[in-house]
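Novice: Chains as they are written, first to last, in our numbering: chain A, 1 to 116; chain B, 1001 to 1115.
The reader is advised that the hints may include incorrect statements.
Partial list, derived from the structure: chain B residues whose beta carbon lies under 10 angstroms from chain A [said to hold, decoys possible]: (1) I1043; (2) Q1055; (3) F1065; (4) T1102.
Simulated from the structure, these hints should not be mistaken for laboratory data. Cβ atoms here follow ideal geometry from the backbone N, Cα and C, with glycine treated the same way.
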Amino acid sequence: AQSVTQLDSHVSVSEGTPVLLRCNYSSSYSPSLFWYVQHPNKGLQLLLKYTSAATLVKGINGFEAEFKKSETSFHLTKPSAHMSDAAEYFCVVSSYSGGGADGLTFGKGTHLIIQP
Amino acid sequence: EAGVTQFPSHSVIEKGQTVTLRCDPISGHDNLYWYRRVMGKEIKFLLHFVKESKQDESGMPNNRFLAERTGGTYSTLKVQPAELEDSGVYFCASSQVGKPNTEAFFGQGTRLTVV
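Only chain B is shown next, with the shape it has when bound in the complex (with noise of 0.2 angstroms):
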């Protein structure tokens, strides 16, 4: 079975560009999380879907972030214009909904690098 694929797993853009990462999670997975690791730093919560619906987006840093879950399937998260601060890695898990305990399995990384 497929565990949770991202890509890419890298990109370098310039600051002011647009740049889409895609995170496809393991099938059946209703919830998907984006977390990020900023250089030097903690990983970080973004935001939570379960299935198309935002669960909860209290980590999105600001509005230049766009997520998107169309269909409940894959999950795409959009930075436009990027900023040299969004550097970072950006995870992406899954999970099954309504197992306590249940363990989240995370993706290998996309590593963005604006210049």
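Next up, chain A with everything else stripped away, as it sits in the complex (with noise of 0.2 angstroms):
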């Protein structure tokens, strides 16, 4: 069995602050760890994601997300939030390495809120 626990609903931070979006999982098997983010009406766009490679994990748009197995969380992080980061992520995990939708479980999602 494995699950998802993303720790805030809603985070407000101002425009050029750091971003913190905490995860915490658990997994019966090596996960597959992911952020995804979605914007009004856009599909969901991957982030990142960890596969048992490097436990710090750079993705698009400035994010990155370190792997910590021994406090099974994989945060989300962003030096300098910017007004079009504005938006919901979700933390999942897969117990699946062959990638694709395969056994996805979704966080409840976090919205991101950029104060001007």
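With the hints as a guide, bring the two chains together.
Specialist: Right, dumping it as structure tokens:
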């Protein structure tokens, strides 16, 4: 069994300040972990993924996430928020290494609000 | 190259009516998935096609939901008859078969409202 907990339903930061979106996971297997973003009226877009290579994963638009097995965490960070980062972010775990959308378990999502 | 496209983007129907959602995957993607997000809850898996075959339909909530993928191209998801609890956003995703860790591409979703 696997599960994902996104610790904050909403996060509000000022433009230019750091972003931290928290995610904890539970998995019986060596997991693959992902962060997806959904902007209004858009599809889910893959930001980054961890698949047992480097524990610090860099994604698109300046985002990165660190896989910490001891803490079962995969928090998403960005050094400086931009207005265009306002969106909903989903932490996702999969126990299937084959990729695709097999066996994806989604968190409830975190709305990121950027204050001017 | 076109991404995953879903039709319609929004649908409002009355309880008891039938609705059909359509998903056009990226050309050449044999994997096609349906996911659903009910209001206030997580996005959850419904089913998975490989070409025209149902690989896994363990997430389908009940027999009011019927998914098809004739010819292995586009897919439809029919809800008949629709109930209030079927309201939510239905996502489709596609990916290539046979590539480890390949990315899945999601459509923008169809927002279904049953009144």
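Novice: Decide, hint by hint, whether the structure agrees.
Specialist: The hints, checked one at a time:
1. Nearest Cβ of chain A to the Cβ of I1043 (chain B): about 4 angstroms, under the 10 angstroms cut. The hint holds.
2. With its C-beta approaching chain A no nearer than about 9 angstroms, Q1055 (chain B) sits inside the 10 angstroms limit, and its interface hint holds.
3. With a cut of 10 angstroms, the hint placing F1065 (chain B) at the interface with chain A is violated, because the nearest CB-to-CB distance is about 18 angstroms.
4. For T1102 (chain B), the interface hint holds, since its Cβ comes within 10 angstroms of a Cβ in chain A; the closest pair sits about 4 angstroms apart.
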